[in-house]
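Trainee: Chain residues, written in single-letter form:
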Amino acid sequence: AQSVSQHNHHVILSEAASLELGCNYSYGGTVNLFWYVQYPGQHLQLLLKYFSGDPLVKGIKGFEAEFIKSKFSFNLRKPSVQWSDTAEYFCAVKGGSQGNLIFGKGTKLSVKP
Amino acid sequence: NAGVTQTPKFQVLKTGQSMTLQCAQDMNHNSMYWYRQDPGMGLRLIYYSASEGTTDKGEVPNGYNVSRLNKREFSLRLESAAPSQTSVYFCASSEDRNSGNTIYFGEGSWLTVV
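Order-wise, the sequence lines are chains A and B. Count along the first sequence starting at 1, add 117, and that's the number in the numbering used here. Count along the second sequence starting at 1, add 114, and that's the number in the numbering used here.
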């Protein structure tokens with residue numbers, strides 16, 4: 118069965134710091150990978166996704182993620198965070214052509230102004 | 115274009131009461147989903163409907179039933195609510211269940227069972 122592991126439960130950064138949130142998955146076959154963001158009190162929104170091609174994926178708001186197949190990882194990065202990036206971030210994996218989307222437990226990001 | 119709309123947004127139930135969460139999408143999507151979100155647990159799939167007329171269990175289906183009323187609507191029913199069902203419920207939809215299709219989420223329904 119597929120699973121997703123997010124390494125950090127809560128990350129606290131100052132504005133302008135660089136961000137990297139870890140995500141590892143377990144699934145032996147072809148996967149599609151997603152990062153969703155949930156701002157306080159809001160629903161989940163898609164940040165970026167990978168399903169084929171260039172393993173470095175760029176998303177909205179300056180976020181990017183790199184798929185490293187050999188490490189089963191899909192880490193999220195941003196060079197310089199802003200206070201408005203305070204949110205919870207969820208990594209998700211969809212295994213196989215008709216698999217369900219499985220979420221990690223989420224990482225809360227708090228950015229201090 | 116409203117996307118995915120859920121009602122109610124907030125609900126308090128007593129243990130043993132029943133209720134139905136309604137969900138509708140206006141994107142002509144084939145697949146719809148119900149997730150629950152609990153602190154430290156992420157989102158877990160309760161039920162999904164790959165297409166109109168079909169429903170399947172997800173990761174945590176116990177205590178819930180669903181109905182895919184038509185292509186637009188997918189409801190979630192709690193027949194006899196329990197405190198363990200206190201959660202935030204998200205309805206979602208996607209074009210279909212094929213790889214790469216984005217899943218779009220509703221704004222959530224906060225349910226408290228006392």
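In case anyone wonders, no lab produced these hints; they're calculated from the structure. Just so you know, not all the hints are guaranteed correct.
[Unchecked claim] Each computed DSSO-like pair below joins lysine-lysine, with the alpha-carbon atoms no more than 27 Å apart: (1) LYS175(A) - LYS186(A); (2) LYS188(A) - LYS229(A); (3) LYS123(B) - LYS222(A); (4) LYS225(A) - LYS188(A); (5) LYS166(A) - LYS185(B); (6) LYS222(A) - LYS178(A); (7) LYS171(B) - LYS185(B); (8) LYS175(A) - LYS222(A); (9) LYS171(B) - LYS222(A); (10) LYS166(A) - LYS178(A); (11) LYS222(A) - LYS186(A); (12) LYS166(A) - LYS188(A); (13) LYS123(B) - LYS225(A); (14) LYS225(A) - LYS166(A); (15) LYS166(A) - LYS128(B).
[To be verified] Taking CB as the label site, the calculated pair distances span: (16) TYR156(A) - PRO122(B): 17 to 23 Å; (17) MET133(B) - ILE129(A): 45 to 51 Å; (18) SER122(A) - GLY130(B): 45 to 51 Å; (19) THR168(B) - ARG194(A): 35 to 41 Å; (20) THR121(B) - PRO157(A): 20 to 26 Å.
Keep in mind it's a predicted model, so treat the numbers as computed, not measured. The beta-carbon is built from N, C-alpha and C at its ideal position, and this holds for glycine as well.
Trainee: If a hint holds in the structure, say so; if it does not, say that too.
Mentor: Now for the hints, and whether the structure bears them out:
{"no.": "1", "hint": "LYS175(A) - LYS186(A)", "in the structure": "holds, 17 Å"}
{"no.": "2", "hint": "LYS188(A) - LYS229(A)", "in the structure": "violated, 31 Å"}
{"no.": "3", "hint": "LYS123(B) - LYS222(A)", "in the structure": "holds, 23 Å"}
{"no.": "4", "hint": "LYS225(A) - LYS188(A)", "in the structure": "holds, 23 Å"}
{"no.": "5", "hint": "LYS166(A) - LYS185(B)", "in the structure": "holds, 26 Å"}
{"no.": "6", "hint": "LYS222(A) - LYS178(A)", "in the structure": "holds, 22 Å"}
{"no.": "7", "hint": "LYS171(B) - LYS185(B)", "in the structure": "holds, 18 Å"}
{"no.": "8", "hint": "LYS175(A) - LYS222(A)", "in the structure": "holds, 22 Å"}
{"no.": "9", "hint": "LYS171(B) - LYS222(A)", "in the structure": "holds, 20 Å"}
{"no.": "10", "hint": "LYS166(A) - LYS178(A)", "in the structure": "holds, 14 Å"}
{"no.": "11", "hint": "LYS222(A) - LYS186(A)", "in the structure": "holds, 21 Å"}
{"no.": "12", "hint": "LYS166(A) - LYS188(A)", "in the structure": "holds, 17 Å"}
{"no.": "13", "hint": "LYS123(B) - LYS225(A)", "in the structure": "holds, 23 Å"}
{"no.": "14", "hint": "LYS225(A) - LYS166(A)", "in the structure": "holds, 19 Å"}
{"no.": "15", "hint": "LYS166(A) - LYS128(B)", "in the structure": "violated, 40 Å"}
{"no.": "16", "hint": "TYR156(A) - PRO122(B): 17 to 23 Å", "in the structure": "holds, 21 Å"}
{"no.": "17", "hint": "MET133(B) - ILE129(A): 45 to 51 Å", "in the structure": "violated, 38 Å"}
{"no.": "18", "hint": "SER122(A) - GLY130(B): 45 to 51 Å", "in the structure": "violated, 37 Å"}
{"no.": "19", "hint": "THR168(B) - ARG194(A): 35 to 41 Å", "in the structure": "holds, 39 Å"}
{"no.": "20", "hint": "THR121(B) - PRO157(A): 20 to 26 Å", "in the structure": "holds, 21 Å"}
The structure fails to meet hints 2, 15, 17 and 18 from the earlier list, while all remaining hints are met.
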